[in-house]
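**Q** Same order as they appear, the protein sequences are chains H and G. Position one of the first sequence corresponds to residue 1 (the numbering used here), numbered consecutively onward. Position one of the second sequence corresponds to residue 1 (the numbering used here), numbered consecutively onward.
Where hints are given, some of them may not hold.
Unchecked claim - Output of the computed footprint for chain G on chain H, the stretches with three or more beta carbons under 8 Å from beta carbons of chain G:
{"id": "1", "stretch": "113–121"}
{"id": "2", "stretch": "299–305"}
As the list claims (entries may be wrong) - Straight-line C-alpha distance at most 20 Å; calculated EDC-like pairs for lysine to aspartate or glutamate:
{"id": "3", "chain 1": "G", "residue 1": "Lys219", "chain 2": "G", "residue 2": "Asp184"}
{"id": "4", "chain 1": "G", "residue 1": "Lys482", "chain 2": "G", "residue 2": "Glu463"}
{"id": "5", "chain 1": "G", "residue 1": "Lys434", "chain 2": "G", "residue 2": "Glu469"}
{"id": "6", "chain 1": "G", "residue 1": "Lys444", "chain 2": "G", "residue 2": "Glu404"}
{"id": "7", "chain 1": "H", "residue 1": "Lys284", "chain 2": "G", "residue 2": "Glu496"}
{"id": "8", "chain 1": "H", "residue 1": "Lys284", "chain 2": "G", "residue 2": "Glu404"}
Calculated from the structure, these hints are not laboratory results. Glycine included, every Cβ here is placed at the ideal spot set by N, Cα and C.
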Amino acid sequence: MSLLRVTSPHVSGQHQVSAVMRDVLLATLPGIVILTWFFGPGTLVNILLGALVALITEYAVTRLRGQNPRLAVSDLSIVVTSTLLCIALPPYAPWWLIVLGVMIAVLLGKHVFGGLGYNPFNPAMVGYVVLLISFPVQMSSWATPRGLAEVPGLLDTLRHLFLPDTIDGVTAATPLDLLRQNTGLLFKDLLASRPELTGWGGVGWFEVNLAFLVGGAWLLYRRIFTWHAPLAMLAVLGLCALIGYDGGSSESGGSALFHLFSGATMFAAFFIITDPVSSAVSNKGRLIFGALIGLLIYLIRTLGNYPDAVAFAVLILNFCAPFIDHYTQPAVYGTRSND
Amino acid sequence: MREIHDIHGGIHPPERKSLSRPGELRDAPLPARLILPLRQHLGAPAKVIVNVGDTVLGGQVLAQAQGAVSVPVHAPTSGIISAIEPRPIAHASGLEDTCIILETDGADQSIRFEGIPDWQTVAPSHLIERIREAGIAGMGGAGFPTAVKLNPGETKPIDTLIINGTECEPYITADDTLMQCQADALVEGALILAYVVGAEQIVIGIEDNKPAAIAGVTKAVHSASADIEVASFPTKYPSGGEKQFIEILTGQQVPSGGIPADIGLVCVNPGTAVAAREAIIEGKPLTHRIVTLTGEALGKPGNVVACIGTPISHLLGDAALSAEARQRIIHGGPMMGFAVSDLDAPITKITNCLLAPTARELPPPSPAKPCIRCGHCAEVCPASLLPQQLYWYSRAKDHEQLSEHRLLDCIECGACAYVCPSQIPLVQYYRAAKGQMRDSEQEKRRSDNSRERFEARQTRLEEEALAKEAKRAARKAAAQEKALLEGVDPIQAAIERAQARKSEQGETP
């Protein structure tokens, strides 16, 4: 009999990185389903292509770096990165945009910093921002929602992926675009004049946001992350929109409901800013982190030049996370004064 | 009723306590040979006072306490000292230490014990001395000499004695069994200890997963009509950590780097209280203790009363160990215990459990994956640390950041490693980092010392040179003064003296 010598603790809980990643992927499903219903199978195709590219890239790069590629691929973290990026990309983007974006996310977003756990920035957002700055035209052509146009079928989508411009009239401005481009109409009149803006966040967008909210709530229930960052972000964004609404003039920033349920708001709150690697670590820190992202999203949406603000807001706060950490260390046992 | 406070973090690992059938106690058979390490406690090792070949009786002192923080070692039974030499001991390092080897004769004769049944009439300092002579060191696991704990000094008055019957580690039921089987002794021991430290209040805290122990102790308190409060609180690991336990019962936190006496508390393990009672009432030293033998690799798990010094292999054999190819034997519980490296090592005063799990029961750790900073560790840390940050800084050997993030407040409970989805052996990193910090602290102290010595020498040499200079100046001044007074030119006088000497030499060729 030989004795096994290992250090304590000798018992370990049932937590697994791959299980966390699997839960996150499952939680994106409601959102993906609703996106597909309203905008056609474009997003779905993007996600599948993105996952394939991500897995190949991750495998190759970990192999080159002398790590165990099987182990790296099997934790699914790279599929989470590519899926989150592909959800954010326009549904009928050309194939090379997807491939390029995912490779940038994996290589520039993650591996140049040392791989999983070492990246200071959210890799999906790095990929998104590089694409947005490099290919603004392709990146700002979002699809027209069901009800306002015919939604393409799967075959058309696949053909479009490799032979662009085979589907007509698939692109349209998003509700956030319309609001930013508005100069003369009262908010109320703007809503009435554009069919895309029916509903609280625009056609399809309200439902998409709701679906991501549902998925996020499930992750919260599963204790994959804490409520601090998402809630702080939503609260501050809502509050800013409330203050900036000014009764709905043409200069108005849009109503609070509109900001909460349009664009990438819920997706960002529960799937992007909750990335533990690039966010603040303590709960207090995450409150500040989320709140500042909410503020920046509102400011960039209403004053900035880009259609949505999530990616920039998140990257800027990624920069700040170590700084926030430094000032939000929790009080350790025994350092509190007894009363 | 006492208000129960919650602590930060904590986990709920599977308890597996029923495996060792708490409440049943049997005697472990006497082994042919006992191995008694000289250091079974925190502090200086005891000093041997017997020789090889001596015949000794049970209860006889074999080694004396050496210094203030030390306790003696006694013979658990009668026999012959066959050797005094380094032997493997049950320690995480796997190193050997000096042990007294006692060949038992089976007669189990002992010296005559003299107790102090009327302890209320004796000065506390005398009772503390008795407890020290009985070789009692904290039996919960740390092994801190109890006599030292009971005497925190004039500046730290004690108002409350608390008995830590939490036993929050999975598997272990030694304290549970003791509280069920020896509740009356526990109550009497608590009264004695409270008298010794001058505490007005006594609280016995027990986790609510031990209803039989709570009932037993409550009954014993009633029948002794003692003014002792029995408090139960929700089960959570690590509620039994001394600092956590104190916060649960009092809502107060022991200051960082301080001891419970700083806030008027003394906290002891139930086993320690019973041992103190034996020492005072019956005059018996600490030579036996309750050990939980458990794990699915044992055919006969249970709690036994064993002689201190019994080889681990003897106890496991008695509990019918069917060992696997790579058997893990854990000294202590699965959360904080260490894997034993030699089964010939003996149990000591701090051995509360020997755990022999099957590989299916406690699978070997899987390879560590990268930290994704999920923060689960920070959520469960009972000290409110940020384990994920400590992990980075430990890897980077960044001692400055480690002390800023208060690594030294880590109690190594293992809750962080338990919840880690990447299976990183976090506690191991912290232990290593703490060791490095201690080393570099010592290194710094050493270099500070030598620098100070060098500087002191430098100053001394300068001062001596200055003093010499001053003396010469004074002599010169005195000579000049003398010359002025006597009207003799010192130079002229010197020349004359030299010439006189020359002419003397000339006369004697």
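**Q** Taken at face value, is the distance from the CA of Glu463 of chain G to the CA of Lys482 of chain G at most 20 Å?
**A** Roughly 28 Å separates the two Cα atoms, so the pair is violated.
**Q** Holds or violated: Lys284 of chain H and Glu404 of chain G, Cα atoms, limit 20 Å.
**A** Roughly 18 Å separates the two Cα atoms, so the pair holds.
**Q** Using a Cβ cutoff of 8 Å, are there at least 3 residues of the stretch 113–121 of chain H near chain G, or does the coverage claim fail?
**A** Since 4 is at least three, the answer is holds.
**Q** Holds or violated: Lys219 of chain G and Asp184 of chain G, Cα atoms, limit 20 Å.
**A** 9 Å, holds
**Q** Given the proposed pairing of Lys284 of chain H with Glu496 of chain G, does the C-alpha separation stay at or below 20 Å?
**A** Outside the cut-off at roughly 95 Å; violated.
**Q** Holds or violated: Lys444 of chain G with Glu404 of chain G, Cα cutoff 20 Å?
**A** 18 Å, holds
**Q** For the stretch 299–305 of chain H, count the residues whose Cβ lies under 8 Å from any Cβ of chain G; is that count three or more?
**A** violated (count 0)
**Q** Is Lys434 of chain G close enough to Glu469 of chain G, meaning Cα to Cα at most 20 Å?
**A** 52 Å, violated
The structure is inconsistent with the numbered hints 2, 4, 5 and 7, although it conforms to all the rest.
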